[in-house]
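Given the structure of chain A, go ahead and fit chain B onto it with the hints provided.
Going line by line, the protein sequences match chains A and B. If you read the first sequence in our numbering, its first letter stands for residue 1, the second for the next number, and so on. If you read the second sequence in our numbering, its first letter stands for residue 1, the second for the next number, and so on.
One or more of the hints may lead you astray.
[Unchecked claim] Below, in silico cross-link-like pairs of lysine to any residue (SDA-like), each with a Cα-Cα straight-line distance of 25 Å or less:
{"id": "1", "chain 1": "A", "residue 1": "LYS212", "chain 2": "B", "residue 2": "ILE58"}
{"id": "2", "chain 1": "A", "residue 1": "LYS201", "chain 2": "B", "residue 2": "VAL13"}
{"id": "3", "chain 1": "A", "residue 1": "LYS214", "chain 2": "B", "residue 2": "ALA38"}
{"id": "4", "chain 1": "A", "residue 1": "LYS213", "chain 2": "A", "residue 2": "ALA446"}
It should be emphasised that the hints constitute simulated quantities derived from the structure, not laboratory data.
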Amino acid sequence: MRTGTGLSRPPESCITGHGHLLFNPAAPVHGGPRPHWYATPVPRGNVTVALFVVICVIAVALIFDFTNGFHDSANAMAGPIATGALTPRTAVILAAVLNVVGACLSTEVAKTISGGFFDEKLVTPVIVLAGLTGAIIWNLITWLFGLPSSSSHALFGGLIGAVIIGAGLGTVHFGVVISKVFLPAVAAPVVAGLAAAAAIKISDVITRDLPKKKAAKKGFRNAQAFTAALVALAHGTSDGQKTMGVITLVLIAANLQAPDSGPHWWVIGLAGFAIGLGTYSGGWRIMRTLGKGIVKIDTEQGAAAGSATAATILASAHLGFGLSTTHVSTGSIIGSGIGRKGSDVRWSVARRMVYAWLLTLPGAAVVGGAASLLADQGLVGTIILLASLGAACLVIYLVSRRNAVDRTNVTESPEVLVLNAAKPNKIAKAQRKYAKRLAKQAALDAGRVPAHVGGLSSEPESTEDQRAQHANRGSEAS
Amino acid sequence: MIDWLSLLIVAVVSVGVTALFALLLSTAIRLLSVARAADDSRAAMPATVGAWVLLGLIGVMLLIGLYLIIPQFH
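Isolated chain A, as found in the complex:
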């Protein structure tokens, strides 16, 4: 994500003090906006507790990095997978490698964790732990429903929730929240959508009535693969350093690292590995929604969406208005559908995504706030928080297994069905309904009628050539 600016170095006075550790994890967070990265001599008995908190923050930061990877792998690769430009396995391997390379390239950790949303001095290891917990749980919930959402917004939401619980509502700068979260969430899909729509219009005009259609498809596929690779690399450089920044600042605050030094090699390696592993694991539920659920795209649309995503991300990163990769890539895909005459954009899915984007910050804030309440209870609270996080992850994973989406079935359906545990028949009904729609689609295909049925694909390996055949049949019939 591009909207994040990472971590802030604590004030110099906070990181050069005395004592075994430079922060006091047992210090009460409640009771007013007090800085906690300050130099407080901590009794020796608390050193173990403080070290435990540091280890917990590092572990949870790596888990967040993993969820960030699998949540965002769809941003780059959903399009190429949906159009057949890359096979699912190749796509995630490519994205994972480029994310790791990107993470290793960006060793300059970001300067602030607060992002201007609240006073930097309010950030403590406990707040970071609670914020990361909120972000992880929100990421997993949105993944369960197959909804792309910004990991940076989730992290800021978690931190803001924790800060509100610790220091009160007045400490949050809501003007910054609107200008850096809500406005970009609306602007990003509009900008990227316009770019993709313009691209597909131009492309359709120029490539009309091509003599060698099949070769042209190959050209668009290659372009799509290259632009997807650029997006994956850009994602690694921007998001990889986020976790490195969190870990590095916690180490500095704990006096385990020199104040002005960069991230340790093992931090770079672990953060790169976590985001790479997350990306490789695919986030297939989100891939399915982005690649198949919003609009049925062909290779031209895929290339238009890919180039719009890459151009918008790079422009936003270098021209001073941060936009989320997730919002940009979603907007590009929608734009490629709007720009193509006759494309059927599923606005209900798009609407659900926008709701998820707008809810990401408050949703993660609620979880982060609750996590902060737990973490404030000292060692026992921190252990309960970690246990709760583990249990939540397990429950969400088990629910997702009831209707698993993986690389073998990611292109089979446009929908991500989530089982309602209270009504176990619901999923079966939904699957029967979907089977009926498939049968209807097959009947349409048999009748040689071009099918533009809301992004449905009757076969897992539905390729662009088959779609081109449909179009040709349609034109023959007319």
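Chain B in isolation, oriented as in the chain A frame:
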């Protein structure tokens, strides 16, 4: 507080660069397609050369993208 000018610049640059990319790519693909469909290889030469020039420009755009992404370059 909201930097509308930056947003406008980002929007214009994004749409402009994407449109340019689409223009180059589509024209290159059209020229290649025309060249392959031509019976006479001599007649196909201008289209082929034109296509590869445009593909080269696309390559330059991708390299600029790489330059912008990799922090060590700037």
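Taking the hints in turn, this is what the structure says about them:
1. A:LYS212 to B:ILE58: Answer holds: LYS212 of chain A to ILE58 of chain B is near 21 Å, not above 25 Å.
2. A:LYS201 to B:VAL13: Holds, at about 18 Å.
3. A:LYS214 to B:ALA38: Within the cut-off at roughly 16 Å; holds.
4. A:LYS213 to A:ALA446: At roughly 23 Å apart (the allowed maximum being 25 Å), ALA446 of chain A and LYS213 of chain A satisfy the hint.
Figure legend: structure checked against the earlier numbered hints; every hint is met.
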